[in-house]
Structure formats: structure tokens, C-alpha cells
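Asks: The lines below spell out each chain.
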Amino acid sequence: MNQNVSLRLSEVRKSFGSTSIINGVSLDVFEGERHAIIGPNGAGKSTLFNLISGRYGLSAGRIELKGQDITNLDPQNINRSGLSRSFQITNIFPKMSVYENIRCATLWSLGYRYSLFRRISTIRSVRNRADEIIELIGLGDREEKLAGELTYAEQRALEIGITIASGSDVILLDEPTAGMSRAETNAAVELISKVTRQKTLLMVEHDMGVVFDLADRISVLVYGEIIATGSPSEIRSNQLVKDAYLGTQEGVH
Amino acid sequence: MARVFSKKRIIFWASVALSFVLLPLVFDGGFSLSMLSQMGIAIIFVLSYNMLLGQTGLLSFGHAVYFGLGAFVTAHIVNFIDQGSFWFPITFVPIVGGITGLLFALVLGFVTTRRAGTPFAMISLGIAEMVAASALMFTTFFGGEGGIVTNRTAGGVVAGISYGPQIQVFYLIAGWCLISMMGMYAITRTPLGRLANAVRDNPERVKFIGYNPVRVRWLMMTLSGFFAGVAGALATINYEIITAEALGLMASGNVVLMAFIGGINHFWGPIIGAVLVTLLQSALSTYTQAWLLYFGLFFLIIILYSPGGIANILAMHAPVIKARLFKSLASSYLIIFLASVPLIVGTIAVIEILYRGGAILGMSSLVSWSSSLVLIVVGLVVFRFAQRRVKSVWASLDLELRKRGFV
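If you're matching them up, the sequences are chains X and E in order. Quick note: the first sequence, position 35, residue 35 per the numbering used here, numbers continuous. Quick note: the second sequence, position 406, residue 1406 per the numbering used here, numbers continuous.
FYI, nobody ran anything at the bench for these hints, they're computed from the structure. Note that CB positions come from ideal geometry on N, CA and C, so glycine has one too. Zero decoy hints are in this set.
Here are the simulated DSSO-like cross-link-like pairs (lysine-lysine), alpha carbons at most 30 angstroms apart as the crow flies: (1) X:K95 / E:K1008; (2) X:K66 / X:K199; (3) E:K1008 / X:K145; (4) E:K1322 / E:K1403; (5) X:K66 / X:K194; (6) E:K1007 / E:K1322; (7) X:K95 / E:K1007; (8) X:K145 / E:K1322; (9) E:K1322 / X:K95; (10) X:K145 / E:K1403; (11) E:K1007 / X:K145; (12) E:K1008 / E:K1322; (13) X:K95 / X:K194; (14) E:K1322 / E:K1391; (15) X:K194 / X:K145; (16) X:K95 / X:K145; (17) X:K145 / E:K1327; (18) E:K1391 / E:K1327; (19) E:K1403 / E:K1391; (20) X:K95 / E:K1403; (21) X:K95 / E:K1391; (22) X:K145 / E:K1391; (23) E:K1327 / E:K1403.
Stretch-level coverage of chain X by chain E, calculated; a stretch enters the list once three of its residues show a Cβ under 8 angstroms from a Cβ in chain E: (24) 86-94; (25) 102-112.
Sample of chain E residues lacking proximity to chain X, with all beta carbon distances greater than 10 angstroms (derived): (26) V1021; (27) P1024; (28) Y1355.
All chains should be built: construct the whole structure from the sequences, respecting the hints.
Replies: Written out as C-alpha cells, the structure is:
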């Protein structure tokens, strides 16, 4: 595996008032790896994502994206630096068509910014990228539908489509299979591995099947601290993880 | 590079232009002509408003500020032309109004568009109140109660056009209306226009696709201010007087009503609203002094029965007509129409009796009271019946349309 660091968290801390949620997380995510963060409810996984993507400001620490300091930048600036995220609760543009959802997500990275003097439908690069993404997420026959009228699983696929449409090479997926049936989850896993090929993926996931299918490495977050990082087999056999996180279960299967 | 205008689009705009040319020939006469002029101004204004409301999700209660400031600056410019300070063709004076609106929207929008939703609505209301108050304080610029009077023929005769006759003013308005419509429609087709929709739907998510939603709102507000200013300038030329009322809360409220009545979710919706409201205001006010009450009732009914406005009602029927299923609705609609006749007659009777107030006592009033109440009750009963019928027909129509793939 290439050992260049894509995303580096150093001693990241976050507290809301007197409640400390993230207590000094340090983590290196390597270029091209698929890294999963697991941990019990309330461990701070989503908060960590919100810190990395700029939704919340840090209380302390530093975050670097491909060597560039992105600590406390606005979400849009972090996104422009090449990091894109999805949301646990579907976060799409409900009154726009599926095609329009994807098209808007491609614009900045293709250089169209707040452009007022181009007709959007005549921009070939935007059209090609949008077609490609829609094909990839399998919503080709749905592209004229309003995003708000899609089924839940389709909306989740669209969520991933919006996330990858900008062509960012670091992708954060927050529980991409939450609330899905077994069959839908399998389809989602296939989609995720397809769309994150040659990209760096950091994901939060509850479904252990998904985690062990997809992840090259796993970090375990408990009470705002990473207690272990390693390959799936290392995590499976880690006593600390078994005690702290899987204490009540038989083990990771 | 694809063509900028498709053939279909050219034909469409050409037919709009042609209808603008023909309208005053069909509806001639002074009253119709001044009403058509008023409609043209209202159309530009309401479309500029819907750039905010329908397209960017900003509910503004102060849009008349940009209309009014554009109008006042235009009035002073026209007066300078009149005094011979400099010369500028009246035909292009609306650009001055537009730039005025744009600059004020640029400055005020910088403050207002930091927030969306209710805070934006309240800030816009505050700014409207502030500008309206200043209008009465700074009397040299705003002319106090009397306003600013201008002379639209100030530019002299250019190519045989003096802007003395109303028909020439109408064509000026129509020309600018066409340009503005095309411009505002084109904006919806640009990356910025599409992002405005994204900001309307979900500003939080927009940040995570690389855009600053505040910047998108601000740009849309600025552009919207331009077209509002154009409308204001045309109002100055049309009426040759502009008072502080033009930028007051009533005027701002009026454009909200127009947009909602027409329908904010379609580009063309607000145009329907502008035409209808102008028509109601000019026509109703000549028949009854209680016209504001009727106007209010009309607004209430539209919002209650079709929150998406008239455009939504029309759009709903497009697939039905395409699928050739309208027949199934026709009978229910006929009943609704028949029910609304006694309902409307009865309501008008009650309102007019109350409004005129003269005949409250006495036998004749007893008869008119009871007969109008009977009309209302009968109308309501039939209406409820028809309403239920329409609902069930629509439910089955919806299934049918889905099955056949029309929705």
C-alpha cells in the first residue's frame, strides 16, 4: 500500500460547553486506503466527521488534508481542497431532479463557480461527468424524478452520488448503509467499492459485515478516543477492543 | 459548442413578442392600454421577486425597496434630462433604474442574505420599514408626501418617438418586459441559477459541494434588485409621478401576493399572478369600493385550495390532458362551477349590504339578508359534495397516470 498520508488528525479535541466529545484523536489515513471507524453509540464518530469536514470548529488540534492545513476552514473550502462527505441522515436537494442534484455537485470542481454567463446544459464537461455519475450509482432511469420522490435506498445512492460528483479523492461516508435491508446493503457495499476505487475512503459504519468487507484498516473510537487501529484481523483479535467495545457481545464476526 | 438558443426557444420568444405587439391592437382604448402597461411593469417586478422566493427560497417582505429606489433615481435623472443638464435617451433610462436597484441590493443584500428563513424575512421587513421611513424624512430626494413629478417626454423626439402617447410607453414597457423575461429565464438556466435552487432546497448541503450559500443568495439578490429597478424606472416613465408609497410595505406585500397567487414553483407562475392581480385591482376597484376585501378573499381561497398557486393547478392538469383523461373530471368541475355561482352571488350580496350599511334595518333588508344567506348555504352544500367527488376522481386518476407513466 502507498504510505502517503491523505488525511492526518493530530490531537483533535472537541467539547460542547463542558462536555468533552472528542478527547485527542490522532489518526493517519493513507492515500488509497479504505479506513473504517467503528465504535459504540455516542462514541463521537459523527462528531469526528463533522470536525474533519468543517461543519464544526475544533476546540484544539490540527487536521491536514494531503499536507495542507484545513483546521477550522469553512466546509466549502475543505470541499474545494478535495474532501467530500456524505451524511448519515439523507441530505439531498429534494425539490430538484436527480440529474440536477448531481449536476450541481459537479460544478465547482469543473471550474464553473458562480457562473452566470454559461448555459448549464451546453457545458459538455458537466454533462459528461453527471451522466457518468448517474450511471455509476444506477439511477439512469430515475434522472428526471424529483430527488424527494425517490425510495430510501435510491436516496442513499444519490447521497453517495452527490458526494463523489466533485471528483474529490478523499471521501468520507457517514453510515452509508444505515436503515437498509440486507439486499440493499449488499448493493450499497458494491456501489461504495466501485465509486471509491483509487480514492481514499474514511467511513463510519455500524454494520460489521460491511466494515469487514470493505475496510483495509479499522479504527475503534470509544468515548472520543481511538483505542486501536489496525487491519480487520488485528482488530478482531485485539483484547482492548473486545473488552471496551465488544464486551457484551461474543466477539467480532 | 451547442447553439445558445434552440429553434423551439426562438419560436417561443418570437410568439411572446408578437403577442405583445398585438395586445394593444386587440384591447385598444385608454383604460385597457394603461392596464396593459401596468401589467408589464408588474410582470417584471414579480418575476424579479420570484428570483428570490421561488428560486432561492428567500421570503422577502421588502422587495419594493429596490423597485422604489430605482423609480426615484430614474425620476431625478429624467428631470435632469428635462432641465437640459445632460441628454440620455428615455428608451434606455430603465437601465439606470436597474443599476440603481442592483447597487442597493448589492449593499443591503450583503447584510440581509447572511441568513435565510425567518431571520431573512424579518431583516427584509426591517430594511423596508427603514427605507420607507427615510423616504418621508429626506424630502429633497423623495419629495415628501407629494413625491417626485417627472415628464416622460423629456428626451424629445427620437426616431419619431416622443413617449407622449400611451401606446409608445406601452411598447417601451413591453420591450423591456420581454428583455427582462428572457434575461430572468436565462438566469435559471445558468450554473448560478441552478445553485440558487440547491440553496433553496438545502443550504447546508451546498457547502459540502464546494459552494458558499451566502454568496449564492447575495448574487441572486443583486440580480433580482436589477430587474426590480427596471420595473421601478418603467413605473416612473409610465405614471410620471413617484411617491414614497412605491417603496412602502403595501407595495412589498402586493408583490408577495402576486407571486403566491400565480405560483412560485414555476417560472411562469408569477406572471399569471401579476396579470390577474392587476386586472382585479383595476377592474374591481371601478365596480366596488370593497374590492380589497374581495382581493383578500381571493388570495385566501387560492392559498387554501392550491398552495402552489394557479400555475400549480394548471401544471397538475397537463398530464391528465396529455393522457386524454380530462373527461372524467369535467362533470365534477361543472358541479363546482354551478355551486360557486350561488356561493359567490350570496357572498357578494352580504359584503355589499354590510359595506353600504344603509339597509340594515327594515323588511327589504330582511329579505335580502335571508336570500343571500340561503344562496351561500346552498352553494356550500353543493360545493362540499363536488369537492369530495373531485378528490375521489383525482385519487383514481393519479393511480391511472402512474400506471401509464404520465407522472
